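Residue numbers (numbering that gives the first Met the number 0), protein chains in the order written: chain G, 0 to 507; chain U, 0 to 305.
Please keep in mind that the hints were generated in silico from the structure rather than gathered at the bench. Be a bit skeptical, because a hint or two may be false.
Using C-beta positions, here's what the derived DEER-type ranges look like [unchecked claim]:
#	chain 1	residue 1	chain 2	residue 2	range
1	G	Q68	U	N94	38 to 46 Å
2	G	A122	U	L191	32 to 40 Å
3	G	S367	U	V151	52 to 60 Å
4	G	N389	U	N190	57 to 65 Å
5	U	N94	G	A225	53 to 61 Å
6	U	I284	G	S367	37 to 45 Å
Rough simulated footprint, nothing fancy, chain G against chain U, three-plus residues with beta-carbon under 8 Å [what the hints assert, rightly or not]:
#	segment
7	160-174
8	184-192
Nothing here was measured: the structure is a model prediction, and the numbers come from that model. We treat Cβ as the ideally placed atom computed from N, Cα and C, and that holds for glycine.
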Amino acid sequence: MSTLALEAINVSKRFGDLQALDKVSLQLRQGSIHALLGENGAGKSTLVKCIVGFYVPDDGEVLLGERQQAIANPRDAHDLGIGMVYQHFTLIPNMTVLENLVLARPHLPAVIDWRKEREAIGARMQKMPFQLPLDVSVNQLAAGEKQKLEIVKQLLLNVKVLILDEPTSVLTPNEADEVLGRIRDMTRDSGLSVLIITHKFREVMTYADDVTVLRRGKHAGSARVADTNIKFLAELMVGSEFTSTALARESVAEQTLKLEIDTLKVADDSGKAAVKGLSLQVRGGEVVGIAGVSGNGQRELVEALAGQRPQFYGEIRIMGEAYAGQRADLLRHGFHCLPEEPLRNAAVGRMSVAENLAFRRFDRQPFSFGGWLRRGAMRAAATQAIADFNVRPPVPGIPIGNLSGGNVQRAILARELSERPNVLVVANPCFGLDFGAVSEIHARIMAARNAGTAVLLVSEDLDEILELADRILVMSGGRLVYETTPTEADPVIIGRHMAGHGEETHAH
Amino acid sequence: MNGEESQWLTVLIAVLGGAIRVGTPFLFVSLGECLTEKSGRINLGLEGNLIMGAMAGYGVAWITGSAWLGVLAAGATGVVLGFVHALLCQQPRVNDIAVGIALMILGTGLAFFIGKPLIQPTAPHLPALHLGAWSDNPALRAALEINALFIVGVLLAPAMAWFFRSSRWGLAIRTVGESDDAARAMGLNVNLVRMLATMAGGFLAGVGGAFLSLYYPGGWSEGLSSGQGLMAVALVIFARWDPMRCLYASLLFGGAGALGPSLQAVGVTSGYYLFNAAPYVLTLILMIAASSTKVRSGMPGSLAAR
Ligand SMILES: Nc1ncnc2c1ncn2[C@@H]1O[C@H](COP(=O)(O)OP(=O)(O)OP(=O)(O)O)[C@@H](O)[C@H]1O
Ligand SMILES: [Mg+2]
Numbered sequence: 000m001s002t003l004a005l006e007a008i009n010v011s012k013r014f015g016d017l018q019a020l021d022k023v024s025l026q027l028r029q030g031s032i033h034a035l036l037g038e039n040g041a042g043k044s045t046l047v048k049c050i051v052g053f054y055v056p057d058d059g060e061v062l063l064g065e066r067q068q069a070i071a072n073p074r075d076a077h078d079l080g081i082g083m084v085y086q087h088f089t090l091i092p093n094m095t096v097l098e099n100l101v102l103a104r105p106h107l108p109a110v111i112d113w114r115k116e117r118e119a120i121g122a123r124m125q126k127m128p129f130q131l132p133l134d135v136s137v138n139q140l141a142a143g144e145k146q147k148l149e150i151v152k153q154l155l156l157n158v159k160v161l162i163l164d165e166p167t168s169v170l171t172p173n174e175a176d177e178v179l180g181r182i183r184d185m186t187r188d189s190g191l192s193v194l195i196i197t198h199k200f201r202e203v204m205t206y207a208d209d210v211t212v213l214r215r216g217k218h219a220g221s222a223r224v225a226d227t228n229i230k231f232l233a234e235l236m237v238g239s240e241f242t243s244t245a246l247a248r249e250s251v252a253e254q255t256l257k258l259e260i261d262t263l264k265v266a267d268d269s270g271k272a273a274v275k276g277l278s279l280q281v282r283g284g285e286v287v288g289i290a291g292v293s294g295n296g297q298r299e300l301v302e303a304l305a306g307q308r309p310q311f312y313g314e315i316r317i318m319g320e321a322y323a324g325q326r327a328d329l330l331r332h333g334f335h336c337l338p339e340e341p342l343r344n345a346a347v348g349r350m351s352v353a354e355n356l357a358f359r360r361f362d363r364q365p366f367s368f369g370g371w372l373r374r375g376a377m378r379a380a381a382t383q384a385i386a387d388f389n390v391r392p393p394v395p396g397i398p399i400g401n402l403s404g405g406n407v408q409r410a411i412l413a414r415e416l417s418e419r420p421n422v423l424v425v426a427n428p429c430f431g432l433d434f435g436a437v438s439e440i441h442a443r444i445m446a447a448r449n450a451g452t453a454v455l456l457v458s459e460d461l462d463e464i465l466e467l468a469d470r471i472l473v474m475s476g477g478r479l480v481y482e483t484t485p486t487e488a489d490p491v492i493i494g495r496h497m498a499g500h501g502e503e504t505h506a507h
Numbered sequence: 000m001n002g003e004e005s006q007w008l009t010v011l012i013a014v015l016g017g018a019i020r021v022g023t024p025f026l027f028v029s030l031g032e033c034l035t036e037k038s039g040r041i042n043l044g045l046e047g048n049l050i051m052g053a054m055a056g057y058g059v060a061w062i063t064g065s066a067w068l069g070v071l072a073a074g075a076t077g078v079v080l081g082f083v084h085a086l087l088c089q090q091p092r093v094n095d096i097a098v099g100i101a102l103m104i105l106g107t108g109l110a111f112f113i114g115k116p117l118i119q120p121t122a123p124h125l126p127a128l129h130l131g132a133w134s135d136n137p138a139l140r141a142a143l144e145i146n147a148l149f150i151v152g153v154l155l156a157p158a159m160a161w162f163f164r165s166s167r168w169g170l171a172i173r174t175v176g177e178s179d180d181a182a183r184a185m186g187l188n189v190n191l192v193r194m195l196a197t198m199a200g201g202f203l204a205g206v207g208g209a210f211l212s213l214y215y216p217g218g219w220s221e222g223l224s225s226g227q228g229l230m231a232v233a234l235v236i237f238a239r240w241d242p243m244r245c246l247y248a249s250l251l252f253g254g255a256g257a258l259g260p261s262l263q264a265v266g267v268t269s270g271y272y273l274f275n276a277a278p279y280v281l282t283l284i285l286m287i288a289a290s291s292t293k294v295r296s297g298m299p300g301s302l303a304a305r
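Extracted from the complex, chain G is given alone in its bound form (with noise of 0.2 Å):
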């Protein structure tokens, strides 16, 4: 048996009255890659978080390689040789890439010498699985670079434990494999060791060496990736049997044309064109599906149709009349959106989940009566909601900053399916989530659609879109560049297309 680089024992942690992790323990082998998975709510971020000393955990220990330590606070643990990933980004986007990997060392020097850290840096950047431009803004980096950029920001730290708590949630699959195929060399050549959250089954039994599956804050079991299946796997998180909600496509009669986009001009942030004159229709009982890598208009498409990007040139329609995002337009056409990272587009973090899910319609009957908000009726939609859509923990009084990641998600969508649609724009909806709220969505989705709603919907994962849409189209450029159908679709065609380069399919 070799030798343990970390050991958690027993580690629980509660949140007010959720008890997040209980007596939780797990071995990370020297030189291994170790998967952490679990349901989206299970505690794994809070798991990796209490080894790193970025929350203290109620009870429990941290060994490192066979001591216990204390691991106080994260610059504790990075002085143990231990690095961490967050699931979302603690890069400084103000900032440039040579400050954010300066800024990462735990012990800097009272004067920085900028022209010696970037010799020393750029230098050291040669030998990494990834090399990144030292000079630009992070903002200005796609979501796959900053990801790259985070891990080289540990690696460059020597880190002997690297933590990444889904790595490749934003990353397309080629990223994907790129990111881990390199990371599993390191742990061959250079003996590092790596506890990796992924809610992709591919991606455990291809890469790690061992797994731990967490359900509901305990631990629910560990295997060799030798000698376990993903069936297996899938159970232990979900305690049971899992059965699949796949809908089926129904053949929907009343197919009107619901949404017109008429040659779309959308600027993004810096007033550079993003949509460049896009047409499209969607037809009720249909779902349309964009492919394409992120950055390429998708953004600022969603923005202009949810209203969230009010100048634009180029006209939307909804059933024949003219559409401008406003709330009332919204109200009135039935229009609803999912768009992507929901925290941060579709809901106030520090207000309760009951005050999110009422947004649409806080200011009528029943939420509102003679110009009061009726908390009560709040709240009693918000507890149907939940249980519906199986939000957890199942609190209407909490902010809905405070839910892990797919939990929001899910609440927002909760939100946005609760009447019935008339048009439905949703975004990535399955970021992030594990299998299960991945395959319920799939099927709200698509019951929406059997239902007669127009829905157009913007991925960049595109086995969500060959099993969602009815036409495929996919957009690069910020321009719309072909064209296909679910049926006729050829994975490696749609690819080049979406990497721009569709002209030259044509070539020959």
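Chain G is already provided as a structure; the job is to place chain U with the ligands on it using the hints.
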């Protein structure tokens, strides 16, 4: 040189001199606010710091006979008010803007109350450097009579820019100001960094107050400040949280403030009140301009997040 031309030259020189004289308190308060805001907190109470500083500086200078001790005492009151601000703000569910307004009223009221006996006596003034001695133009000589504190402020701006860029402490402040979570992940004590930044910012605002009572306009009275502390907040936004731009913007505000009196000095009296309102109009224009998203680049992340 004909009369008309020399008149305008006089106005120009007077505005320049005014830019320096009126601009100095702006400079100190805005650098202080810049420091505090870089750490992710807004201290609207600096107007209170300014007036407390003016009173305490004047009082201590009068008692000890040393203007520089007065400046230090003014800074110290700023540190205390900054500490109170930070202490209140780190309590749960407390809003920094509200605390700032409360402290502004408290600081002003307290200064008027304690400062009652200081209206009569005369304290020593801060020394000035006569950089215009070479010229025989009296207006220019007066304009170039530059106070030592202004020089300190001018040196302080690039020093602070360097501090933010290249020192460990400066980077810590910026990190805390950009993101609580990132800072905590680095093991920084967010509340402590904010407290120190607010106290240091309070010190600078207090020093700005000492300039008011110990140099220009000089003396202690209840009408000493005309809202410079509040305008400095607008100025920091205009300067996009860059200390060097704070310096330029302070001179601009100072010049605007000197416009009315300078014009009056050459006999242009028609739009007197209008010109005197120049700094306030400028503040309004800057606030409107700053509400466009593009100017917000450079805003510390945790200020932008709310
Ligand atoms: N700071 C906090 N305050 C209160 N409750 C919290 C806090 N952080 C997490 N929780 C709760 O603890 C539980 C576990 O959360 P955690 O973030 O560890 O889940 P997770 O397994 O990482 O889920 P996901 O896959 O969605 O990221 C959740 O129910 C969450 O709502
Ligand atoms: Mg998590």
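I want to verify a distance hint. Is the separation of the beta carbons of G/Q68 and U/N94 within 38 to 46 Å? Once the Cβ atoms are compared, 39 Å apart, the range 38 to 46 Å for U/N94 and G/Q68 holds.
Does the beta carbon distance between G/S367 and U/V151 stay inside 52 to 60 Å, or does it fall outside? holds, 57 Å
Holds or violated: the segment 160-174 of chain U covered by chain G, criterion of 3 or more residues with Cβ-Cβ distance under 8 Å? holds (count 8)
Please check whether G/N389 and U/N190 have a Cβ separation lying inside 57 to 65 Å. violated, 37 Å
Outcome of range test on Cβ distance (G/A122, U/L191; 32 to 40 Å): holds, 35 Å
Distance restraint hint 37 to 45 Å, applied to the beta-carbon atoms of U/I284 and G/S367: Roughly 39 Å apart at Cβ, these two residues keep to the hinted range, so it holds.
Apply the coverage criterion to the segment 184-192 of chain U and chain G: a residue qualifies when its Cβ sits closer than 8 Å to a Cβ of the chain, and three qualifying residues are needed. With 3 residues closer than 8 Å to chain G, the segment 184-192 of chain U meets the three-residue bar; holds.
If I claimed the Cβ atoms of U/N94 and G/A225 lie 53 to 61 Å apart, would that claim hold in this structure? With Cβ atoms ~56 Å apart, the hint holds.
When each numbered hint is compared with the structure, a violation occurs for hint 4 only.
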